Amino acid sequence: MSSHHGHHADPILPVNSSDVSITENYEEISFLPPNSRQVLRIALNLKYLIDKAIPIAYNEELVLCEHSRILNANVIRLTREACGGDPSDPHSLRKYESVLVFSLLKVANWYDDLSSQELHNSELYNLRSTVAQQLCKIIIEEEESENLYFMMLNMLLHRYTINENEVDSEPTNALELATDMHYTIVIGSSGFQRCLNWLWRGWIVQSRNDPTIFIKENSISSTLFSRHFTPERIKTPQYQNIIQLLFSVLFLLIYTIIVNTKTSDEIEPIDKIEAFLYFFTIGYILDEFFKFYYIGMAYLQFWNCFNDTLYLIIIVSMNLRIISIYWPMSPDSTYDNKQLDVISYRILACAAPFIWSRLLLYLESERFVGAMLVVLKHMMKESLIFFVLLGLIMIGFLQGFLGLDSADGKREITTSILSNLIITVLGSGSFDETFDNFAPPYAGILYYGYCFIVTTILLNILIALYSNAYQKVSDNSDDEYMALMSQKILRFIRAPDENVFVPPLNLIELFISKPVMKILMVPDQWYKNLTNFIMVIIYSPFLFYISIKEIKIAKRVQYNRIKKLPDDANEIDVAWDLTDGYLDNDSSLIGLAEESMASTSNSTTDVTENGATITRVSHAEESIIQATNLRNNIAIKIQREAEAADPKFGINKTKWYKGINKAIQPVEKGYENGWGWENYKLYESLEAKNKVTEKKIDELNKTIVQLTELIKELKIKKE
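Counting in full-length UniProt numbering, the sequence shown runs from 1 upward without gaps.
The set of hints was computed from the structure by calculation and includes no laboratory data. Treat the hints with care, since some could be wrong.
No farther apart than 20 Å at their CA atoms in a straight line, the calculated lysine to aspartate or glutamate pairs in the EDC-like style are these [as the list claims (entries may be wrong)]:
1. Lys552 - Asp573
2. Lys681 - Glu66
3. Lys262 - Glu274
4. Lys47 - Asp112
5. Lys564 - Asp577
6. Lys653 - Glu643
7. Lys669 - Glu66
8. Lys235 - Glu509
9. Lys637 - Asp573
10. Lys338 - Glu266
11. Lys216 - Glu232
12. Lys549 - Asp112
13. Lys472 - Glu571
14. Lys235 - Glu176
15. Lys47 - Glu164
16. Lys528 - Glu509
17. Lys488 - Asp287
18. Lys549 - Asp577
19. Lys381 - Asp479
20. Lys528 - Glu498
21. Lys658 - Glu684
22. Lys47 - Glu166
23. Lys235 - Glu288
24. Lys235 - Asp287
25. Lys552 - Glu232
26. Lys377 - Asp180
27. Lys715 - Glu699
28. Lys52 - Glu672
Keep in mind that this is a model prediction, so the values were computed, not measured.
Can you build the whole structure from these sequences, using the hints too?
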């Protein structure tokens, strides 16, 4: 079953047709996307609508709550109408609605800019930005239930441009915009998360022919081993992350062996293990170089700088190690070869905290680790304020102490002053050790003033900043974790490699790259075949694992398509739905299903989608599907028999359901007319009174007309 459990009803209870998930009637839409000027007009229409809908700074909870009276059904309808298009032509409507989420995100960004420029109205602009994000969430979740693939492929993943200040922007999609602007309201919507999940699994991939388009991966429903045993599947973010994690663990093991197994003070030659460490490091450095080349200054993120520091430490150690072995030092040199060898090992040992902490980068997909990293990230940002204040205070007092030291024309304890000021921040400073008999009483006044400011004021400010950062993240830990995962997935799908060679395997790619092949005059087709062959060889163990895993998933996808369910349905067998889940490991039920199918002459069954045959289900695979149906039917039968064991157990369902309908709040009706469920009873009462009043007015009008006619008749008779 899908993760959206509420979309499946218990078969024992009546089924609400609006709750049934069916396969979306999606066709590949061939229209040209709206041009940049049309996107601008849609964004301007949306901004006008939001300006009118939010004239004042409402309480944010009134806007963000489900079925808001402010963002009611009429506002949602007008939001869609802001896109234009021919109402009688669904194709035309879809063409312009495809850019709706992208345009709303741009409008939200405009409000963010206004908020920073016009501080006196920042509260109102912040609320309008939040409204634009909430509208995105509502639209995404509506489209998820109506047309899943249109929502993912056209609304979230297709790259659009907008004309701003007479300049067309670079093509980007709504998923990238929401992630880059850290709009957690949008990122946290169910449709957005579902799209990310499909990208993470490789069910949606970027088109090789057009980088602005994402397409469905057509192998996910195939049970053929060859369809999955292909290097193309290594592009999947989930698999890349696993491979990178495995290589990182191997890198850590190699490093541990080198650092903790040196037993001689003699200079030893570089062995295979040490060569592997340098091989890994050079591969990682090459990968970072290409990232910087393609991304530019946006490369300067925390993890990239963290990794660069690690690689720099190892490279410095490697250079000293090579010099100590192959470059004999002269007798008058400061260090001899043995000392350089010792220094190289000591520098390498300093990389240990970095190498162990680096594992967190690949474990951040785990919720606990991801949430912890988000907390650390926010704390580090907040600590910048502390270090700026500390730097200014320290420079001021340092200059004062240096002035006292040089007042007699000599500088005698400059180094001691600087070190004491630094260790005071750590709580280890001492007046007696450094400032005893130094420029009394001025040095004492300055030092104790410095201690008071640092230990009493600044450190408490730091504690408050850390507490505030932790509180912010803990209150929104789920949203922050989802935003972190969105950033992680984007790292894999932005500017994807034509051929994925995970470092340090990228060193192999270096020798078979296109420039090298062109120098050797190797034809393009030969180059592709060679690259594919090499990738199959080096990734074959992992491709075998991928194939086995995806074939198992493909069987469930086929079952879902036969049942007219989304591909990701029936992943979890929940307790409250007796018809969900997928059976692939109960041999007894599978045997019964095979017996019931023994009379069937066909060895395969066609699975269709939108009227077209998409795959063929073998006899063995169909037996699993039949076994699942058999299991569900048996479960329903047993449940009904157990309920019928006591005749007094049952309830009057008709009466009970009517009672439920009377007891529940009129949320949908209040949402439709904008009164809200809290005031809908009052609305009904006023409507009823209004109808009575209108009826009485109509009766009075009729009476007046009749009296008028009578008066006319009397006048005529008198005459």
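Evaluated hints:
no. : hint            : result
1   : Lys552 - Asp573 : 16 Å, holds
2   : Lys681 - Glu66  : 19 Å, holds
3   : Lys262 - Glu274 : 12 Å, holds
4   : Lys47 - Asp112  : 13 Å, holds
5   : Lys564 - Asp577 : 17 Å, holds
6   : Lys653 - Glu643 : 14 Å, holds
7   : Lys669 - Glu66  : 13 Å, holds
8   : Lys235 - Glu509 : 15 Å, holds
9   : Lys637 - Asp573 : 18 Å, holds
10  : Lys338 - Glu266 : 7 Å, holds
11  : Lys216 - Glu232 : 14 Å, holds
12  : Lys549 - Asp112 : 45 Å, violated
13  : Lys472 - Glu571 : 33 Å, violated
14  : Lys235 - Glu176 : 18 Å, holds
15  : Lys47 - Glu164  : 14 Å, holds
16  : Lys528 - Glu509 : 12 Å, holds
17  : Lys488 - Asp287 : 17 Å, holds
18  : Lys549 - Asp577 : 26 Å, violated
19  : Lys381 - Asp479 : 18 Å, holds
20  : Lys528 - Glu498 : 10 Å, holds
21  : Lys658 - Glu684 : 19 Å, holds
22  : Lys47 - Glu166  : 18 Å, holds
23  : Lys235 - Glu288 : 18 Å, holds
24  : Lys235 - Asp287 : 16 Å, holds
25  : Lys552 - Glu232 : 19 Å, holds
26  : Lys377 - Asp180 : 16 Å, holds
27  : Lys715 - Glu699 : 24 Å, violated
28  : Lys52 - Glu672  : 19 Å, holds
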